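Asks: In terms of numbering that gives the first Met the number 0, the sequence shown opens at residue 0 and continues consecutively.
Hints are computed from structural coordinates only; laboratory data are not their basis.
A hint or two may mislead.
[As the list claims (entries may be wrong)] Restraint ranges, calculated between C-beta atoms of paired labels, are given here:
1) N142 with K4: 35 to 43 Å
2) N134 with Y164: 26 to 34 Å
3) Q153 with K4: 57 to 65 Å
[Said to hold, decoys possible] Subject to a maximum C-alpha distance of 27 Å in a straight line, what follows is the list of computed DSS-like cross-link-like pairs (lysine-lysine):
4) K194 with K182
5) K160 with K178
6) K128 with K194
7) K160 with K144
8) K146 with K106
9) K122 with K194
10) K122 with K35
11) K190 with K116
12) K146 with K122
13) K228 with K160
14) K190 with K225
15) K106 with K194
16) K128 with K116
Predicted model, so just to flag it, every value in this text is computed and none were measured.
Here a beta-carbon is modelled for each residue, glycine too, at the ideal position from N, C-alpha and C.
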Amino acid sequence: MTIIKTNNYDLFNCDLVGNRQINLNHVRKLKTILSKNNKNSIIPLIINNEYQIVDGQHRFQALKELNLPIYYIIDSNATIKTASQFNSTAKGWGFNDYLNSYISQGKQQYILFNEIKTRYNLKNNTCLKITSNNNIQDFRDGNLKLKNYRYVTQFAETFSKTINYFQGGRESILVDGLKIALKNPNFNRTKFVAKLDEIKEPLLIPQHVKEITRLIEDIYNRKLHKVNKLRLD
Numbered sequence: 000m001t002i003i004k005t006n007n008y009d010l011f012n013c014d015l016v017g018n019r020q021i022n023l024n025h026v027r028k029l030k031t032i033l034s035k036n037n038k039n040s041i042i043p044l045i046i047n048n049e050y051q052i053v054d055g056q057h058r059f060q061a062l063k064e065l066n067l068p069i070y071y072i073i074d075s076n077a078t079i080k081t082a083s084q085f086n087s088t089a090k091g092w093g094f095n096d097y098l099n100s101y102i103s104q105g106k107q108q109y110i111l112f113n114e115i116k117t118r119y120n121l122k123n124n125t126c127l128k129i130t131s132n133n134n135i136q137d138f139r140d141g142n143l144k145l146k147n148y149r150y151v152t153q154f155a156e157t158f159s160k161t162i163n164y165f166q167g168g169r170e171s172i173l174v175d176g177l178k179i180a181l182k183n184p185n186f187n188r189t190k191f192v193a194k195l196d197e198i199k200e201p202l203l204i205p206q207h208v209k210e211i212t213r214l215i216e217d218i219y220n221r222k223l224h225k226v227n228k229l230r231l232d
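Sequences and hints are given; from them, build the entire structure.
Replies: Encoded structure:
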């Protein structure tokens with residue numbers, strides 16, 4: 000492919016659907032590097048036939064602000080998938096970059112995921128563990144598939160109320176413990192949260208699933224008669 004040089008910044012645009020948003024802090028860092036050694040400016044952008052920047056949008060913005068020439072290559076086969084692959088080996092795409100990319104492409108599973116994450120104020124990895132059986136690579140590859148929506152929202156609501164009573168520890172352990180508890184048809188989410196409210200000191204999430212399961216069980220069984228106590232297995 001031929002590397003082309005230009006100072007016509009108006010040729011290019013950064014509106015490739017699904018590409019990540021411009022990070023101004025990253026642009027500032029690039030400007031510092033380029034102003035000290037503008038040999039780095041000869042690294043070409045990758046653009047498609049419509050002059051949308053597939054790879055190098057941060058570099059383009061830095062070069063434009065420094066009034067330095069743009070070097071670029073036209074790749075007619077370049078797509079948003081190409082962009083994420085390039086960026087995963089450069090300044091890697093983060094979780095939210097992938098999420099926003101798929102939302103902008105109209106992928107319904109990612110739109111619902113973000114809705115649940117926002118509504119219940121969940122961390123990214125916690126939300127993924129609650130809502131899906133997919134791993135992080137599935138998420139990045141655009142293959143997110145959510146579990147039953149009603150189950151997921153009820154679980155997320157229970158978790159968001161429960162986590163407020165805990166300080167420290169891995170949230171994934173608490174998720175696993177609640178999964179075991181909610182499989183028991185006699186486990187009442189409302190009663191459990193009410194029991195948590197009776198505990199005045201913050202709780203610590205244990206290191207193992209078996210331990211958090213016993214803790215949930217002990218909290219649920221507080222002040223209950225022996226015959227009414229719940230056993231979680």
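Asks: The structure should be examined with respect to each hint, and the outcome stated for every one.
Replies: To see whether the hints hold, each was checked on the structure:
Between N142 and K4 the beta carbons are some 39 Å apart, a value that agrees with the proposed interval 35 to 43 Å. Take N134 and Y164: their Cβ atoms lie about 29 Å apart, and the range 26 to 34 Å holds. As the Cβ distance of Q153 to K4 is approximately 58 Å, the hint placing it in 57 to 65 Å holds. Taking the CA atoms of K194 and K182, the gap is about 19 Å. The hint holds against a cut of 27 Å.
For the proposed pair K160 and K178, the alpha carbon gap of about 15 Å is at most 27 Å, so the pair holds. A C-alpha spacing of about 25 Å is found between K128 and K194, which places the hinted pair at or below 27 Å, so the restraint holds. Restraint check for K160 and K144: satisfied, since their Cα atoms lie roughly 25 Å apart, inside the 27 Å limit. Between the alpha carbons of K146 and K106 the distance comes to roughly 16 Å, so the proposed pair stays at or under 27 Å and holds.
The suggested pairing of K122 with K194 holds, with an alpha-carbon distance near 25 Å, which does not exceed 27 Å. Taking the CA atoms of K122 and K35, the gap is near 38 Å; set against the 27 Å cutoff, the hint is violated. Using a Cα cut-off of 27 Å, the hinted pair K190 and K116 holds, with the two alpha carbons roughly 24 Å apart. Restraint check for K146 and K122: satisfied, since their Cα atoms lie roughly 18 Å apart, inside the 27 Å limit.
For the hint linking K228 to K160, the alpha-carbon distance of about 22 Å falls within 27 Å, and the restraint holds. A hinted pair counts as satisfied when its Cα atoms are at most 27 Å apart, and K190 with K225 qualifies at roughly 17 Å. Pair hint K106 plus K194 does not hold up; C-alpha atoms about 39 Å apart against a cutoff of 27 Å. The suggested pairing of K128 with K116 holds, with an alpha-carbon distance near 11 Å, which does not exceed 27 Å.
Consistency note: the structure conflicts with the earlier hints numbered 10, 15.
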